[in-house]
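*Asks:* As a plain string of letters, each chain reads:
Number of protein chains: 2
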Amino acid sequence: MAERLVVIGGDAAGMSAASQARRRRTADDLSIVAFEKGRFTSYSACGIPYWVGGLVDERDELIARRPEVFRADYAIDVRTRHEVVDIDLDRREVVAVALDEGRREVREPFDQLVYAIGALPVQPHWAKEGVSGVFGVQTLDDGDALHAWLLRDPKPRHAVVVGGGYIGVEMAEAMVNRGLTATLVERGPQPMSTVDPDMGALVTDKLRTLGIDVRTGLAVTGLDHRDGVVTAVRTDDGTIPADIVVLGLGIRPNTALARDAGLPLGPTGGIRVDLRMRVIGAPGVWAVGDCVESVHRVTGQPVHIPLGTHANKQGRVAGINIGGGYATFPGVIGTAVTRVCDLEVARTGLLSVEADAAGYAFVTATVESTNRAGYFPGADFMTIKLLAERGTGRLLGAQIVGRSEAAKRIDPLAVALWNGMTVEDMVGLDLGYAPPYAPVWDPVLIAARKAVEALGVL
Amino acid sequence: MAERLVVIGGDAAGMSAASQARRRRTADDLSIVAFEKGRFTSYSACGIPYWVGGLVDERDELIARRPEVFRADYAIDVRTRHEVVDIDLDRREVVAVALDEGRREVREPFDQLVYAIGALPVQPHWAKEGVSGVFGVQTLDDGDALHAWLLRDPKPRHAVVVGGGYIGVEMAEAMVNRGLTATLVERGPQPMSTVDPDMGALVTDKLRTLGIDVRTGLAVTGLDHRDGVVTAVRTDDGTIPADIVVLGLGIRPNTALARDAGLPLGPTGGIRVDLRMRVIGAPGVWAVGDCVESVHRVTGQPVHIPLGTHANKQGRVAGINIGGGYATFPGVIGTAVTRVCDLEVARTGLLSVEADAAGYAFVTATVESTNRAGYFPGADFMTIKLLAERGTGRLLGAQIVGRSEAAKRIDPLAVALWNGMTVEDMVGLDLGYAPPYAPVWDPVLIAARKAVEALGVL
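One line per chain: the protein sequences are A and B, in this order. Residues in the first sequence are numbered consecutively from 1, following our numbering. Residues in the second sequence are numbered consecutively from 459, following our numbering.
In isolation and in its complexed conformation, chain A is listed as follows (with noise of 0.2 Å):
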């Protein structure tokens, strides 16, 4: 009889893992079922925003691969509009309920179990309270509802969204390109906390060019309604009028199933794994994507950081190794990169306050460069903003704020971090050069070289 494996969410992860794992092992030798609650599979959860605003035309370009095609060419049995309501690690058996079928009760048993039901924006009480208007942009499903809330007769004319994390700032763009006026509501003192205050402010500015109204340094505390549906976000300081609130307070682990199973959770709320993406202590368990705590290569300590890429390559591990292959997931650093209109936001390993953390003393250089020879057309600015250790001297975050063809100038930063890099060997690193594509110093080895004056070594 064939080994069986359920996977518990359909989207990046849990597909990555099957299919890897159906790859390497036959539907003869293991069978494959899995649920997911909503209605799609293996979609772009990052590209929602895009879509929403009008860049992407239509909703099912987001989507990879979809069920059917799951089920015809990967012989994998997945079964939509399915939420699994409890694990069942004794008897080793999941139970879902059909959720277009009058909650009708499945129960898989299974060998390997693949956890991957992602994340859930961060919820205030004011969100749960049944308003209609307000959404998440967590799922395609989440996205759906906003963009058929966008449709409705009278247009939603003002958007509010709430917290200036990345989907934050995407959304109130996407909204402003929808014809929307939008405010950005953002507790702390300034959105893109993403990055260090210095390197935000180049981004606050750019939102507001764009239209957008930031407010900083205020809290939400309600909604007001006529019939349900909200008219207005109150605030500490007044009411914002609002025909839809968007979700932008991050995302936390969706682990209350797995939390009833007794699988562990990490201090950051993540369930914890080991390096093949195994649930420690949970033979046969493994979980992967938006789900799951990682550790930063750079302090050590677990982190959450939910990212499709990351999702990506986990299941790819946990997949592999399922199929009898061998792989692990060598852990984060944090990078992460973001349009704002015509600004590209990148990072890589630790902000400021995240090295002040940490313990490390450090270093910080700031550059201002360009994308392209000064001379050449289209030359953009960039500043580039490196973190370097103290008496090491080895870098420890990178930031870049820019217009064109800078925000993939993180990647040889992270890179050079994930080696353990200093900031002085990476000044004679060979980059390429050409007039079209960088000044002779790229402005990556120029904010390298800056780095070495700060630290003060020469």
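Don't take each hint at face value.
With beta-carbon atoms standing in for the labels, derived distance ranges [claimed, not checked]:
hint: 1; chain 1: B; residue 1: Val915; chain 2: A; residue 2: Asp88; range: 34 to 42 Å
hint: 2; chain 1: B; residue 1: Ile738; chain 2: A; residue 2: Pro267; range: 52 to 60 Å
hint: 3; chain 1: B; residue 1: Thr824; chain 2: A; residue 2: Ala145; range: 41 to 49 Å
hint: 4; chain 1: B; residue 1: Asp487; chain 2: A; residue 2: Gly250; range: 50 to 58 Å
Where chain B lies over chain A, by a calculated footprint (3+ residues, C-beta under 8 Å) [to be verified]:
hint: 5; stretch: 80 to 91
hint: 6; stretch: 419 to 430
Keep in mind that the hints were calculated from the coordinates and are not lab data. What you are looking at is a predicted structure, and each value in this text was computed from that prediction instead of being measured. Virtual Cβ for every residue (Gly too), placed ideally from N, Cα, C.
Please build the complex by placing chain B on the supplied structure of chain A, with the hints as guidance.
*Replies:* Below, chain B without anything else, positioned relative to chain A:
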């Protein structure tokens, strides 16, 4: 009395050395005299094709710093139109002639000497016979002469570029952009031998769609002329009409002076230097830029890779050392990028032929992917090829041919290679992901995955 530094060659390498030394030592402590044969200092020779082709409007945009700036702001006594004709190491002086003053002889004593007179275009016998209309593109004076030739009356209509390396390809495109017909004559089987043949074929196709007549396996044997002005290029398979001939046969270190002075040359023909850019066996003499050979960090062998970025780094290193600091040049890994119309071409590490020659057993993996998420507007294809060593899995080389946002993806690959990463380790790299900048698996990571599969290690 101040120590005396004499710099021979006023372009990037020499003037970087001079200005770095000046930053650390006052004019009272160190006098600096720089001789430059041409009229310009510190310019971007790499930008000449773009100026000739009309993308860059003004020649002077290519000049980073003029002689008068070095004189006024750096207290560096720059003497343009002065050709150094002899270096007397015993008497510690150089002999120069003032080209605009009837070759008046100048003798200049030195304590420290920086040799930085770059490289010369390879000139076949027929290019030395005094026929007008034949140009190298090595110095800004060369570019100036070529540019002036294009404005003759009647205007040249037919260009022949001899040699299909970076410069040849860039100049063929520049000629087309100026409205000339262009024939690219390459002795080998195809142009762009700076990448593997399968990757180079993509570039050849593009050159042909640009209207460039690419003629391969063809050797130039001589020139036809009328009144000393070129009219055609003779080959071993007929003649090609030509009003202008551009040399793109590569360049060789300009070492005649060095050889006469007894400075050591290596197997590549470049001057041999140590890590601090000191000429080996010649105390107080430094050499930097296109005239020196470097160590290739993968093979450990000496190579001659003339590039502005290396010249600048080497100049900086020499200048810091002369200034009393400590810096080293760590060698190169052969990274290079170029643009051919809307194609971006990049490489780092070893080509297949180079890896073979060095004795490596290796696998190759070639993938096609996109620069952005496939659904994101502006997504464009690129091809990435990796070489990985059998057994160790270490990355040996990478090549990219693509459209937008392709070339600089060589940088994370270059940093990975620099650090001796295996392709298996590279799959886990935390590179920047967001739909406007990458698919959820960056092309670099997809290529690494494919290389892992080619190694068969999972």
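*Asks:* Each hint needs a verdict: does it hold in this structure or not?
*Replies:* A quick look at each hint next to the structure:
Range check, Val915(B) to Asp88(A): about 38 Å between beta-carbon atoms, so the 34 to 42 Å window is met. The supplied range of 52 to 60 Å is met by Ile738(B) and Pro267(A), whose beta-carbon atoms lie about 56 Å from each other. A C-beta distance of roughly 42 Å is found between Thr824(B) and Ala145(A), which places it inside the suggested range of 41 to 49 Å. Remark: the range hint 50 to 58 Å for Asp487(B) to Gly250(A) is upheld by a beta-carbon distance near 57 Å.
With a cut-off of 8 Å between beta carbons, the stretch 80 to 91 of chain A has 0 residues touching chain B; three or more are needed, and the interface restraint is violated. With a cut-off of 8 Å between beta carbons, the stretch 419 to 430 of chain A has 7 residues touching chain B; three or more are needed, and the interface restraint holds.
Comparing the model with each earlier hint shows a violation of hint 5 alone; every other hint is respected.
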